[in-house]
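There are 2 protein chains.
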Amino acid sequence: MRNIKLTIEYEGTNYHGWQVQKNAVTVQECIEKALSRLLGEKTGVVGCSRTDVGVHAYGQVAHFFTASAIPGEKFSYALNNLLPADIVIQKSEEEPENFHARYSSKGKRYRYLICNTAHQSALMRNRACHVRPELDFEQMRKAAEHFEGEHDFAAFQATGGQVRSTVREIYSMAVKRREDSLIELEVTGSGFLYNMVRIIAGTLIYVGMGKLAESDVPGIIRGLDRTKAGKTAPAQGLYLMEIYY
Amino acid sequence: MRNIKLTIEYEGTNYHGWQVQKNAVTVQECIEKALSRLLGEKTGVVGCSRTDVGVHAYGQVAHFFTASAIPGEKFSYALNNLLPADIVIQKSEEEPENFHARYSSKGKRYRYLICNTAHQSALMRNRACHVRPELDFEQMRKAAEHFEGEHDFAAFQATGGQVRSTVREIYSMAVKRREDSLIELEVTGSGFLYNMVRIIAGTLIYVGMGKLAESDVPGIIRGLDRTKAGKTAPAQGLYLMEIYY
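Chains A and B, in that order, give the protein sequences. Residue numbers for the first sequence, in UniProt numbering: 1 to 245. Residue numbers for the second sequence, in UniProt numbering: 1 to 245.
Extracted from the complex, chain A is given alone in its bound form (with noise of 0.2 Å):
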């Protein structure tokens, strides 16, 4: 059997999220039909992320096993014909038998986008997250600062995660003003936790809005008490970027 990897761009605003659910149309379960299609046959895929519903992907990498002759880089084309327009796979390529989407990983990028106007966007409406008051951005530019390096970030889980360990390194954690208003957080990390970028968001949110001061993060982190943090940060700002191998 053939093992290939799939890197997916979504928009998550019509999905019920990655993995396949009862009920609801997933990314996961897209993918799936479109290559039983092509295949002929029922072909399950594995994906690193379970991005939820409304979270959109740059970089979502799925693997599955096959005995197609067809060459591992013209599935993304054949793929793209079956698929809907708002799921992509912008890559496809042969890997070794021992390649697993989510257990070869070595970390993730995630972006979060933070649109600050009096109004709603209605070009951003499902790709950003809106805040009314102005945020100060100096504040969550010194916030953010905490994230990085080796914590226990038990405060920054959501229930629902089932993990061994809380422990994860953010290797970088960027706060940007971009044009048009829109505050762009970029974080880069070894794994997240269950709703982990999302809660950092809304913490950061928090800051900008004077609700918690720059200085009160640290002390959350170490605190280990999801109650103390901000609150989660609505799906729809929510970016999977680029997943490491």
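Calculated directly from the structure, the hints in this document are not laboratory data. Predicted model, so just to flag it, every value in this text is computed and none were measured.
Copies of the same chain look alike in the list, so a pair counts if it fits in one copy or across any two.
Here are the computed lysine-lysine pairs in the DSBU-like style, where the Cα-Cα straight-line distance is at most 35 Å:
(1) K42 x K22
(2) K74 x K176
(3) K106 x K176
(4) K91 x K42
(5) K211 x K91
(6) K33 x K91
Here the structure of chain A is known, so what remains is to put chain B in place on it, guided by the hints.
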């Protein structure tokens, strides 16, 4: 009567452009309907720019007259409650009686986005022009410089334009490479002929593909012949960014 100026953002995907038409939903019509509901009387709005089907706006401007006592800056909040989510009044303000959205304008800024990737983008599919062959960015950047200044842009006007003079001044024309394989054209000028920005974009795409040389552009401008310029680039890449008064 009071004269109210609206600054409007919209995603053009679901509309047949700005201008009211029979048998098709337009942005102008949606705003006029919302105003009529709010004010209890039929109210027409005059827009600055007749954007085509699929074209987006961050800063379309329109004005209307009303006897209502609603403060100018409150119209945005009231109208946004009545408008679909893909049309947002970002600002409303009272202007002197002689303010006219179209005739008072002194210039405009447009953006055109090109997504230069092997596969169409899931997230940008309605928001950029997809070009598969790798574009020569440096040649496009050089070609863009030729458009700056005052020229007769007759070669860059679609049929259907009804203007006395085809002379316009482009104040600045920048070509930037953005992340995620996007190329951004940003053009500011005194005014634009019908489809002028899209024909300029199409011409720069031809230069990027090698179908035209950068050094051909001055001759194409001087020749005043529409058939010598590039194809009209698709509407979904165009954004009306700002109108100057």
